[in-house]
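Q: The chain contents come next:
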Amino acid sequence: MIEVRNVSYEYIKNSPVLDDISMTFERGKTYAIFGPSGCGKTTLLSLLGALDAPTSGAVLFDGKDIAQIGDENHRKDNVAFIFQNYNLIEYMTAAENVSLTEKIDPLPYLLQVGLTEDEAKRPVLKLSGGQQQRVAIARALASDAPVILADEPTGNLDEDTAAEITKLLCDVAHENNKCVIIVSHSAAVAEAVDQVVRLSHGKLQEEV
Amino acid sequence: MSIFKRAWTYVSRTRKKTASLCAMMCVMLLLSLVGIMLHGVCMDASQNLKEVLGGYVRLTYSASNDREESVLDEALAAQIAALDGVADYSGISTYYLSAPDVQLVAGSFAGQPQGQVPRFVGCDKSALHENFIYNSFEVIEGRHITSADEHCAVVSDVFANLNGFTVGDRFEACLDSVITQDEAMPEEVYSLEIVGIYTIHEGWEITPMTPERDIAENFIFTDMQTADAVLLAEHGVEKPFYRQGVIFTLNDAERLPEIARSMQNMDGIDWENFELVVNDKAYRDSAASLQMLEKLSLLLVIITFSLSGILLALVLTLWIRERRHEIGILMSLGISKVSIWKQFLLETAIIALVAMVVAMTLSVPCSRMLSEKAFDVAETMAQSQAEEVHDPMADVMEKLNPTADAAVDVVQKDDVHLTFAACITIVLCTAGIITISVTLSAVPMFRMKPKEILSDVN
Chain A
92 MIEVRNVSYE YIKNSPVLDD ISMTFERGKT YAIFGPSGCG KTTLLSLLGA
142 LDAPTSGAVL FDGKDIAQIG DENHRKDNVA FIFQNYNLIE YMTAAENVSL
192 TEKIDPLPYL LQVGLTEDEA KRPVLKLSGG QQQRVAIARA LASDAPVILA
242 DEPTGNLDED TAAEITKLLC DVAHENNKCV IIVSHSAAVA EAVDQVVRLS
292 HGKLQEEV
Chain B
3 MSIFKRAWTY VSRTRKKTAS LCAMMCVMLL LSLVGIMLHG VCMDASQNLK
53 EVLGGYVRLT YSASNDREES VLDEALAAQI AALDGVADYS GISTYYLSAP
103 DVQLVAGSFA GQPQGQVPRF VGCDKSALHE NFIYNSFEVI EGRHITSADE
153 HCAVVSDVFA NLNGFTVGDR FEACLDSVIT QDEAMPEEVY SLEIVGIYTI
203 HEGWEITPMT PERDIAENFI FTDMQTADAV LLAEHGVEKP FYRQGVIFTL
253 NDAERLPEIA RSMQNMDGID WENFELVVND KAYRDSAASL QMLEKLSLLL
303 VIITFSLSGI LLALVLTLWI RERRHEIGIL MSLGISKVSI WKQFLLETAI
353 IALVAMVVAM TLSVPCSRML SEKAFDVAET MAQSQAEEVH DPMADVMEKL
403 NPTADAAVDV VQKDDVHLTF AACITIVLCT AGIITISVTL SAVPMFRMKP
453 KEILSDVN
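Line by line, the protein sequences give chains A and B.
Take the working numbering: the last position of the first sequence gets the number 299, and nothing is skipped along the way.
Take the working numbering: the last position of the second sequence gets the number 460, and nothing is skipped along the way.
No wet-lab data here; the hints were simulated from the structure.
Please note that the accuracy of each hint is not assured.
[Unchecked claim] Straight line, CA to CA, 16 Å or less: simulated EDC-like cross-link-like pairs of lysine to aspartate or glutamate: (1) B/LYS7 to A/GLU94; (2) A/LYS212 to A/GLU181; (3) B/LYS339 to A/ASP162; (4) B/LYS451 to A/ASP162; (5) B/LYS19 to A/GLU193; (6) B/LYS297 to B/ASP46; (7) A/LYS155 to A/ASP168; (8) B/LYS18 to A/GLU181; (9) A/LYS120 to A/ASP285; (10) B/LYS339 to A/GLU163; (11) B/LYS451 to A/GLU101; (12) B/LYS451 to A/GLU193.
[To be verified] FRET-style restraints, in silico, Cβ to Cβ: (13) B/TRP10 to A/ASP111: 47 to 53 Å; (14) B/LYS7 to A/ASP168: 54 to 60 Å; (15) A/ILE103 to B/TRP10: 41 to 47 Å; (16) B/ALA21 to A/ASN164: 34 to 40 Å; (17) A/ASP168 to B/LEU355: 47 to 53 Å; (18) B/THR427 to A/ARG96: 56 to 62 Å; (19) B/ARG449 to A/SER147: 17 to 23 Å; (20) A/ASP235 to B/ALA25: 38 to 44 Å; (21) B/LYS7 to A/GLU255: 43 to 49 Å; (22) B/VAL359 to A/ASP285: 43 to 49 Å; (23) A/ASP209 to B/LEU300: 58 to 64 Å; (24) A/ILE195 to B/ALA21: 29 to 35 Å; (25) A/GLY161 to B/VAL445: 14 to 20 Å; (26) B/TRP10 to A/ASP251: 35 to 41 Å.
[As the list claims (entries may be wrong)] Residues of chain A placed beyond 10 Å of chain B at every Cβ, according to the derived structure: (27) MET92; (28) ALA144; (29) ALA149; (30) LEU198.
All residues carry an ideal CB built from backbone N, CA and C; glycine is no exception.
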């Protein structure tokens, strides 16, 4: 499905954040990437989503190097992001943000993440942090992309909603045969996902 | 979401930003349009000036010419008129007849026989007489004298009113002893049909010492056949010639010196007996101020265009840089760079379109106002130049020789209007500036990885 092969990434020369890591993420499964702050979790997610390019090694989607697929094509067709800081277009409504890249009715997705019809019509800046996070999740859910990359998706949500959203992401992965990769510090997320991966000192370590 | 919807959503939701950009564009476009229109008016005015004050050359007799050997006749005039650049010609022969049965505007001879003697100006084409060329006199009823006319006259409206004449009426004038000073000479009567009536826009001062024949209202323009007949009867001149010379009008006043040189280089003209009076003073006086206006307006256009271009590029650069977070988000969602560039271009185009409509609507009244002021300045300059060369002792005809006043009057009648070419120029330039600005400001961001942009912003 999506694979990192001998990937290294350096912000400063000779001090790699990711050091020759390799791992394959499968369809229909959920993954949680854990690790201390600054260990490169978000960087790994960025490499998987072609927001950045590895210093060495390759990211492959269905066996094909994403450099060959093209970054833009990969981001458009293969991955959907849920950012830690939402990254919503401020002058658009919640519904418009969700339907930004897809020709779909955004309302069911917004209702699915617990927003009301009225909230769906509001400009995103008039929504709370938690509500904005839900809009970001709804945008990823609405995408056809087979991979969902979520960076701390429940960080701004209360415990119950966080659990609900995590379950939703897991259900989407299982029911729609998607690969969901979540960067998190939450133990609840670790419990909910199929596979936990620990990132430490630039190396990946799968936990059983 | 389509590119257009994204662009429209931005334009309609960020009203303050959109309105300020629109207002800025509007001011720039307005200044550019006013500059273009002013320049256009100056160009038109210059062209009109060339046509209206086309300049002329008057071939006259030198002081030493006793008109016995070398005379200006039709053959010589036709030979000169064949030169390249000469538009037309008309000979002039001034003569005097008594008109005892008509009433003239009273002058210094009022009540005496000489007080019934108007000035008759025989010409091939009265339209080519200096007074009519410069619009000092203007035919308001009927027509001008042409070379085919015989016993026809064009009189002033004052003269016509004094005598109750209209076009088609006839009056009589005679060659009598008042004119010939010879009691034995038989009286010759000429019946003249009024074919046209002129009004005087610019006359000259009349004093109690001005004789009737020198009062502009008493000028009677007749055909050359009548003039020749009178000269034959009065002086026994069998071979007609032009007594006051010939006026050659030109197509382009700017070529006047060149054409005058060609005339002087012609074979078969004895220049000891003739003089060439080059008169493009009205054109030169008016053209100088107009050319200055033309240069100023061109400078205004260049400065406005350059400043607008630079300012617009800077503002658009800032405007787009402010939106780098949005660019990062759109790129991370897989929206192509071309699509984002098109969106920005479309947004700016929508704003520019509104600004353009407003600017075009306001540009005509603004340009009219400015052009009026500008031409006022031009007129003042032209008048002061004209006054500098005015000779109060000159002959009546020379006094009347119109200068820049008439020229500027003609120019002021021009209408300020927005031409299709100006619109196209503005549209193309704005489109060019917008495209370049949007591209230049967006490209550096497009070169960055989405993560760099988003990390930068966050």
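Q: Go through the numbered hints given earlier and state which of them the structure violates, listing their numbers in rising order.
A: Violated hints (numbers, rising): 1, 5, 12, 14, 17, 21, 22 and 28; every other hint is consistent with the structure.
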